[in-house]
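Protein chains in written order, with our numbering: chain A, 1 to 427; chain B, 1 to 380.
Derived from the structure by calculation, the hints contain no laboratory data.
Backbone N, C-alpha and C fix where the C-beta goes; we use that ideal spot for every residue, glycine too.
Keep in mind that the hints are not guaranteed to be accurate.
With a straight-line cut-off of 30 Å between C-alpha atoms, the simulated DSS-like cross-links for lysine-lysine are [claimed, not checked]:
hint, chain 1, residue 1, chain 2, residue 2
1, B, Lys121, A, Lys388
2, B, Lys233, B, Lys193
3, B, Lys328, A, Lys346
4, B, Lys135, A, Lys168
5, B, Lys110, A, Lys168
6, A, Lys248, A, Lys114
7, B, Lys130, B, Lys21
8, B, Lys130, A, Lys183
9, B, Lys274, A, Lys346
10, A, Lys388, B, Lys233
11, A, Lys6, A, Lys168
12, B, Lys84, B, Lys110
13, B, Lys110, A, Lys356
14, B, Lys274, B, Lys233
15, A, Lys195, B, Lys132
16, A, Lys388, B, Lys130
17, B, Lys132, A, Lys168
18, A, Lys168, B, Lys121
19, A, Lys217, A, Lys114
20, A, Lys37, B, Lys132
21, A, Lys346, B, Lys84
22, B, Lys135, A, Lys183
23, B, Lys328, A, Lys414
24, A, Lys414, B, Lys110
25, B, Lys132, A, Lys183
26, B, Lys130, A, Lys168
27, A, Lys37, B, Lys28
28, A, Lys346, B, Lys121
29, B, Lys132, B, Lys121
30, B, Lys21, B, Lys215
31, B, Lys121, B, Lys28
Footprint (simulated), chain B over chain A, 3 or more residues, beta carbon under 8 Å [claimed, not checked]:
hint, segment
32, 83–90
33, 128–138
34, 368–380
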Amino acid sequence: MAAEQKRYNRVRCTDGISAMMDKFYKDILNAPSQGRKVCWCSGASPYEMLTAQNVANFQTENHSARVSSGQDHMYYIDKAEGEGWPPDTCSYTRINVGVALFIARGEMDKVHPKYRVAPPDFIFAGNTCPAMTQWGESLRRIFDVPMWELDCPFNYDDSDERYLENVKYIRSQLEDFVIFIEKNTGRSYNWDSLKDIVFRRMRQVQQLRAEIAEICKGKPAVMSQFDAMIAMGPAHMVRTDAVTEFYKKMLEEVKERVKNGVAALPGERYRLMWRGNFPWYAVGRMSRWMAANDICLATGAYGMGAGSPHANRLFPPDGFGTGDDPLTFVAWNVGTRGYTRTLEFKMREEVEEFIKGWDIDGVCLHSPRSCRLWSMQEYDMANLIETKYGIPATVIEADHTDSRYYTPSSVDLKLQALIEGIKARKE
Amino acid sequence: MDVWSELVTVTSQPYYERLKKGKEDAAKKIIGCFGLYVPEEMIHALGMLPVVLFCGPEPITLGDLHWQAYMCSPVRGITDLACKGQLDFLDGMVIHDCCHEIRGSVDVLKLSAPNLRSVIKPMWFPKILKRKQTKPRIMEELNIFRDWLQQVAGQEMTAESLQRSIQVYNENRDLLIKLYDIRRSKPGILSAKQVQHIVLAGMQMPKEEHNELLKKLLAELASTKAPKDNSVKIVLHGSLCNEVPGNILDIIEQVGGTVVDDDLYVGSRYFVTKAPLLIDPLEALADRYINMIPPCPTTQNPSNDLGQYLVNMANRSGPSGVINIITKFCEAHCHIYPWIRYALRDAGIPELLIETEHGVTSFAPVKTRIQTFVEMIRGE
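Modelling step: build the complete structure from the supplied sequences, incorporating the hints.
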């Protein structure tokens, strides 16, 4: 295939994300000087519960992805591996542990200024991914601070009755989490703030993202999955009105693109879906390669998830729970994620919805070597996609933040084979 | 037949081959147990045989159609056996969700082994052990599990029968604890491989029969003198849901080491925690899980530290070294490993890490490393 210098036409609003995230992490670094407590969160976490209490918090995965996007991951991975963390542990963990070891030992100067954060006053860990509580446990030991863990049941039984029992189990633990937060911040919990975040800000962002995703289903795509993934950070962590404004701008921009006939990739020939997290260190390279080969990476649950029925259920149906109980909503939000759902559920709500909604020609399933959560079941998923939907799928073996497991030529070859498969079906 | 011959009869051939043959002339239903904490007593209480599932000795082929090579071998190996129809003799297969891969294997097995699809039963226990929500939630899961088992067995489980089964299992645990006491007090009286055979046999045969064999064996060992021993004492830890390759156990002894204690799955991790005797036997099983003695990296209980547990075990055995055996790609074990290493180092206990992988572990370099480790402890 010709390696033309063709590029994705990125949405302009994402230019502001870097500054937004820089400010977000600078605020974490400066939090202690402003009298704010700091919490490091591993796993899908109810950040809103911490933000509501004015606790500076961040998702450690996001921080590691940030390090890897800056191509600086190996420095911190080397630190963690040198201390005994095996390469088979999640690479997000190894990066974060590397950062944590420097900070905890008073060697902040060895952390690049961009990645500096204040040490935690306490840790939160949620086990939607089982590795996350072990990661949190390592942070607890490294910093010698309290930790609170959320136990998230796996939903083997997709029946509503059993599912609601699981939400209740999570909610019951969140009541204890409130007590933990009160104890560690030394003041009563700010329920008004939590309600404002949950019922106003999060709902607004959710609705905006759903509207954006709906518009992006059109052909040609007005915004790619690359933009959607870059825009995930603010959506998942930063519970401020600035994020609402960001998504309002994004919505305006995609609407304008539709009006003016602007495509994310002019001349798109193949529409692919991406499943899984992304090799963050290779976003630029992969987007250029795909653009040069007329491949529009149009969608995927990791980024465009706002448009799926799965994500719509981040807010429970009317009449569920006690109506205006924010903890029920938080529990629902944490418990409904695909991480704790069956293959059948994931196929239905995280694959089929996107294949059909975006009229996808082929699917890339990213299998990160050090991430079991995304890797497991992918061979079977690829087979199911081919048999159920009649489109090819390929499993791309790499890693989310450990570039040693990413071989560009091998990934290119797999994508080329996928495109050949699409061509053969189209002909 | 002497005790040892009887035990070897159980473990010398792949368990599925032996059980398939036995199944032809026995009415007893067999329930496969995959994952760490299946409450086997409940299966036993309904007159069925619980069998802990392991990989077979042959190379993994069909399993690799469903799992990447960087997934752990227990999951790839069980999938392989299931795809080849080797587990079709099971009347039920309980999968205890104790880690990512085993969790994911539920759906993979349902897809890849059609004959097992209708008999697979996943179960989930809380992972955070010391919380007010933990026990009620485990009780819910145990009740669901009991309903399923009763359907498979076609009969009701009574509190009395479960109580009896708990007693049988606790007796088995007591006997194995005694066996380990003897091994500690008479180093070298049993080889590490023999001990693994003994524990493994109990995981795959009726507990009552295993108890009888253990009683005979203990009587023999009581009158056996300890061999003269100037070898280096070794404590083994790891292989959290599979066997230690027999070659590694042999190597330790070949180079002058003696395994005096272990924290292995096919070892003390399996039996060291007894169920309390309570009025409600289901509650006793919940308590057994919550109060497990060996700290498990798949659960959270900060007051029960695995590193300290191993330090205590090594100290109880006198001056010794600890060999950590990690099954390659066991994420749960990898995450806790640095803290085990720190704890042993801080206690001045020599430590060695060996990674094993089904069918591809190269034993020559392993031998060199173990030999060096043993010589280092001996001060040569």
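Holds or violated: B:Lys132 with A:Lys183, Cα cutoff 30 Å?
18 Å, holds
Taken at face value, is the distance from the CA of A:Lys168 to the CA of B:Lys132 at most 30 Å?
OK: B:Lys132 and A:Lys168 at ~14 Å, within 30 Å.
Check the hint pairing A:Lys388 with B:Lys233 against an upper bound of 30 Å on the C-alpha distance.
Distance ~58 Å between A:Lys388 and B:Lys233 Cα, so the pair is violated.
Given the hint that A:Lys248 pairs with A:Lys114, does the C-alpha gap stay at or below 30 Å?
27 Å, holds
Given the hinted pair B:Lys110 and A:Lys356, is their alpha-carbon gap at most 30 Å?
26 Å, holds
Pair hint outcome, B:Lys110 versus A:Lys168 [Cα-Cα no greater than 30 Å]
29 Å, holds
Take the C-alpha atoms of B:Lys130 and A:Lys183, compute the straight-line distance between them, and say whether it is at most 30 Å.
Holds - the C-alpha atoms of A:Lys183 and B:Lys130 are around 19 Å apart, at most 30 Å.
Would you check the hint for A:Lys6 and A:Lys168, treating anything up to 30 Å between C-alpha atoms as holding?
Cα-Cα ~51 Å, so violated.
Distance restraint between B:Lys121 and B:Lys28, which requires alpha-carbon spacing of 30 Å or less:
Within the cut-off at roughly 19 Å; holds.
What's the verdict on A:Lys388 and B:Lys130, does the C-alpha distance respect the 30 Å limit or exceed it?
44 Å, violated
Does the segment 83–90 of chain A contain three or more residues whose Cβ lies closer than 8 Å to a Cβ of chain B?
As far as the segment 83–90 of chain A goes, the hint holds, because 7 residues have Cβ atoms under 8 Å from chain B.
Would you mind confirming whether the straight-line C-alpha gap from B:Lys130 to A:Lys168 stays at or under 30 Å?
Between B:Lys130 and A:Lys168 the Cα gap is close to 18 Å, so the pair holds against 30 Å.
When each numbered hint is compared with the structure, violations occur for hints 7, 9, 10, 11, 16, 19 and 27.
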